[in-house]
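Trainee: Listed here are the chains, written in short residue letters.
2 protein chains.
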Amino acid sequence: MHKKINLGIIGYGNLARGVEYAIEKAPDLELVAVFTRRNPDSVHVRTKDTLVLHVDEAVQYKEQIDVMLLCGGSSSDLPEQGPYFAKMFNTVDSFDTHAKIPEYFATMNAAAEKAKKTSIISVGWDPGLFSMSRMLMEAVLPEGRNYTFWGKGVSQGHSDAIRRVDGVKYGVQYTVPIESALERVREGSLPELQTKEMHIRDCYVVAEEGADKATIENSIKLMPNYFADYDTKVTFISEEEMKENHGAMPHGGFVIRSGATGTGKNKHVVEFSIKLDSNPEFTGSVLTAYARAAYKLSLEGQTGAKTVFDVPLAYLSNKTSEQLRKEML
Amino acid sequence: MHKKINLGIIGYGNLARGVEYAIEKAPDLELVAVFTRRNPDSVHVRTKDTLVLHVDEAVQYKEQIDVMLLCGGSSSDLPEQGPYFAKMFNTVDSFDTHAKIPEYFATMNAAAEKAKKTSIISVGWDPGLFSMSRMLMEAVLPEGRNYTFWGKGVSQGHSDAIRRVDGVKYGVQYTVPIESALERVREGSLPELQTKEMHIRDCYVVAEEGADKATIENSIKLMPNYFADYDTKVTFISEEEMKENHGAMPHGGFVIRSGATGTGKNKHVVEFSIKLDSNPEFTGSVLTAYARAAYKLSLEGQTGAKTVFDVPLAYLSNKTSEQLRKEML
Numbered sequence: 002m003h004k005k006i007n008l009g010i011i012g013y014g015n016l017a018r019g020v021e022y023a024i025e026k027a028p029d030l031e032l033v034a035v036f037t038r039r040n041p042d043s044v045h046v047r048t049k050d051t052l053v054l055h056v057d058e059a060v061q062y063k064e065q066i067d068v069m070l071l072c073g074g075s076s077s078d079l080p081e082q083g084p085y086f087a088k089m090f091n092t093v094d095s096f097d098t099h100a101k102i103p104e105y106f107a108t109m110n111a112a113a114e115k116a117k118k119t120s121i122i123s124v125g126w127d128p129g130l131f132s133m134s135r136m137l138m139e140a141v142l143p144e145g146r147n148y149t150f151w152g153k154g155v156s157q158g159h160s161d162a163i164r165r166v167d168g169v170k171y172g173v174q175y176t177v178p179i180e181s182a183l184e185r186v187r188e189g190s191l192p193e194l195q196t197k198e199m200h201i202r203d204c205y206v207v208a209e210e211g212a213d214k215a216t217i218e219n220s221i222k223l224m225p226n227y228f229a230d231y232d233t234k235v236t237f238i239s240e241e242e243m244k245e246n247h248g249a250m251p252h253g254g255f256v257i258r259s260g261a262t263g264t265g266k267n268k269h270v271v272e273f274s275i276k277l278d279s280n281p282e283f284t285g286s287v288l289t290a291y292a293r294a295a296y297k298l299s300l301e302g303q304t305g306a307k308t309v310f311d312v313p314l315a316y317l318s319n320k321t322s323e324q325l326r327k328e329m330l
Numbered sequence: 002m003h004k005k006i007n008l009g010i011i012g013y014g015n016l017a018r019g020v021e022y023a024i025e026k027a028p029d030l031e032l033v034a035v036f037t038r039r040n041p042d043s044v045h046v047r048t049k050d051t052l053v054l055h056v057d058e059a060v061q062y063k064e065q066i067d068v069m070l071l072c073g074g075s076s077s078d079l080p081e082q083g084p085y086f087a088k089m090f091n092t093v094d095s096f097d098t099h100a101k102i103p104e105y106f107a108t109m110n111a112a113a114e115k116a117k118k119t120s121i122i123s124v125g126w127d128p129g130l131f132s133m134s135r136m137l138m139e140a141v142l143p144e145g146r147n148y149t150f151w152g153k154g155v156s157q158g159h160s161d162a163i164r165r166v167d168g169v170k171y172g173v174q175y176t177v178p179i180e181s182a183l184e185r186v187r188e189g190s191l192p193e194l195q196t197k198e199m200h201i202r203d204c205y206v207v208a209e210e211g212a213d214k215a216t217i218e219n220s221i222k223l224m225p226n227y228f229a230d231y232d233t234k235v236t237f238i239s240e241e242e243m244k245e246n247h248g249a250m251p252h253g254g255f256v257i258r259s260g261a262t263g264t265g266k267n268k269h270v271v272e273f274s275i276k277l278d279s280n281p282e283f284t285g286s287v288l289t290a291y292a293r294a295a296y297k298l299s300l301e302g303q304t305g306a307k308t309v310f311d312v313p314l315a316y317l318s319n320k321t322s323e324q325l326r327k328e329m330l
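Chain order of the listed sequences is E and H.
Here the first sequence stands for residues 2 to 330, where the numbers follow my numbering.
Here the second sequence stands for residues 2 to 330, where the numbers follow my numbering.
Keep in mind the hints are simulated off the structure, nothing from the lab.
Note that the structure is a prediction, hence the values are computed from the model and not measured.
Any given hint could be a false lead.
Identical chains share a label here; the pair holds if one copy fits it or two copies do between them.
Here are the simulated PhoX-like cross-link-like pairs (lysine-lysine), alpha carbons at most 25 Å apart as the crow flies [unchecked claim]: (1) K117 / K297; (2) K244 / K268; (3) K153 / K268; (4) K101 / K327.
All chains should be modelled from the sequences, with the hints used to inform the complete structure.
Mentor: Dropping the structure here:
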């Protein structure tokens, strides 16, 4: 029996709880400590054996923790925490600001290379499994076009936008793929589609007492960038209904590549899709598999920043290569 | 501009023609020669620049060819050709006898290691993309179950079995997934399903003149291993209809993983599917992408036998890592 891979978590929100569940179920992984910026006494983790410590104490665990899972957000946490921890630990994170990935990669790569550590960035499902699908599909079917549909699922950014509207008490926005657009793509006709032609924005709103619902609805539907270009639906519901039916964090989506081979006569459609009851639990489970990979890469001396494109799939599994060839190939 | 990767093909059947088309479209790849066991004069390839040579001459191209694509069959060609060419060239093949993969891997690994070459075995879609999906899905969602459905598509083995029945002139068998089984799997109820509960065997037969159709139908439906356990349909058609409607080689299938995270309350379904007009053209396109990967691995000194589980996805693409991170992550 090999020693277990010792893991740490930075930040204890929904994603971290997903990671914690995933580690619990993995026989080869051990959660040593959760590090928080809050008062550690106020943070209650699932297992008594897991230390809860202030984030400033992490530096003292350089020898004990093989991989640190950075569970902070992409807008303010990771740009700061990523390079800080990459100097001390092998890391995995879910940095998902697509436009800023090249810059984040460069910063993380410099930090990790200097420390001779391995950092796998932008892990999850998009970026992550969806990126892998887009890349793999293009490589094996170069003549064609990729389509990404998101949902049905809660978009945090759009939900936040609703909540900023005057008179809104609570708000949740679901991004919903348009079935007819999905069908057109699957038929292989290679339609030109913009994001707004592929998705509906379905909003559920609890209004403050006395607020004018027509005004709220208009403010949402006319909001530039977020809603104005889309087919947007607004449904007003009671606070009870919001709590009862809209507290979960489902998500999902589809990556579809449609293309041709040979003389162009033979068409092919390749599709990857997910349907998730809990976005943070699934994403946490993906991050946990990549923590295992980060450890293996670091043992081999493959240092610096990596993405899902750089990691052989076998590294994600706790099975041996022999087992994988026998059971899964 | 880097030099092109020079490729060779062993054996010139349907798969090889698929490879040839794929190489033609890849700006970084060049097909140097096709090697055949037939009289080279009788083999007509697509491009005049491609040499057609007898397979015994391949040994003289050790310096010119970076990767050899072995396009023979798994039952008799590859067990012999694989180790023979792995001693001289980096290779890619589509060895698909699942039960014999460990043995074939060991043989190929010994040959390739000795020659300090790289051989990627069992490439295509199953084994290949489907294996990757099964493995990846299990790694990121360990608590759950995998299902593989094949079709709708032509099964060569079952078509051959039909043709061996007395009184059958031509025969084609389509493996067709049972829609209700697919739906049960997608609903996440984790049903116990055997292959025969997941697929229908749909046969199209041209009878010899004067043959008794009822006898043929019975012989097919009662054939052990191939048909007896399945819901098998037999349709008699004319020779004209066979030629007109059943000459293509479509295929496809679905890999679905259904599982749970957290306390087990949150269910997730992950699905990968393909729908192919031409099985050999798509498979050839996959092999071609892996030829690129074999070359890159060999340049790095990663010698020996590899499978799709061992190859970072980025190696399949002709884009740089920078491009991939920027455009596809």
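Trainee: Each hint needs a verdict: does it hold in this structure or not?
Mentor: Going through the hints against the structure:
In the homo-oligomer, the alpha carbons of K117 and K297 lie at most 25 Å apart both inside one protomer (14 Å) and across protomers (24 Å), since each shortest distance falls under that limit. Only between protomers do K244 and K268 lie at most 25 Å apart by alpha-carbon distance; the minimum there is 20 Å, versus 46 Å within a single protomer. Only between protomers do K153 and K268 lie at most 25 Å apart by alpha-carbon distance; the minimum there is 15 Å, versus 28 Å within a single protomer. In this homomeric assembly, K101 and K327 come within 25 Å of each other (Cα to Cα) only across copies, at 9 Å, whereas the closest approach inside a single copy is 40 Å.
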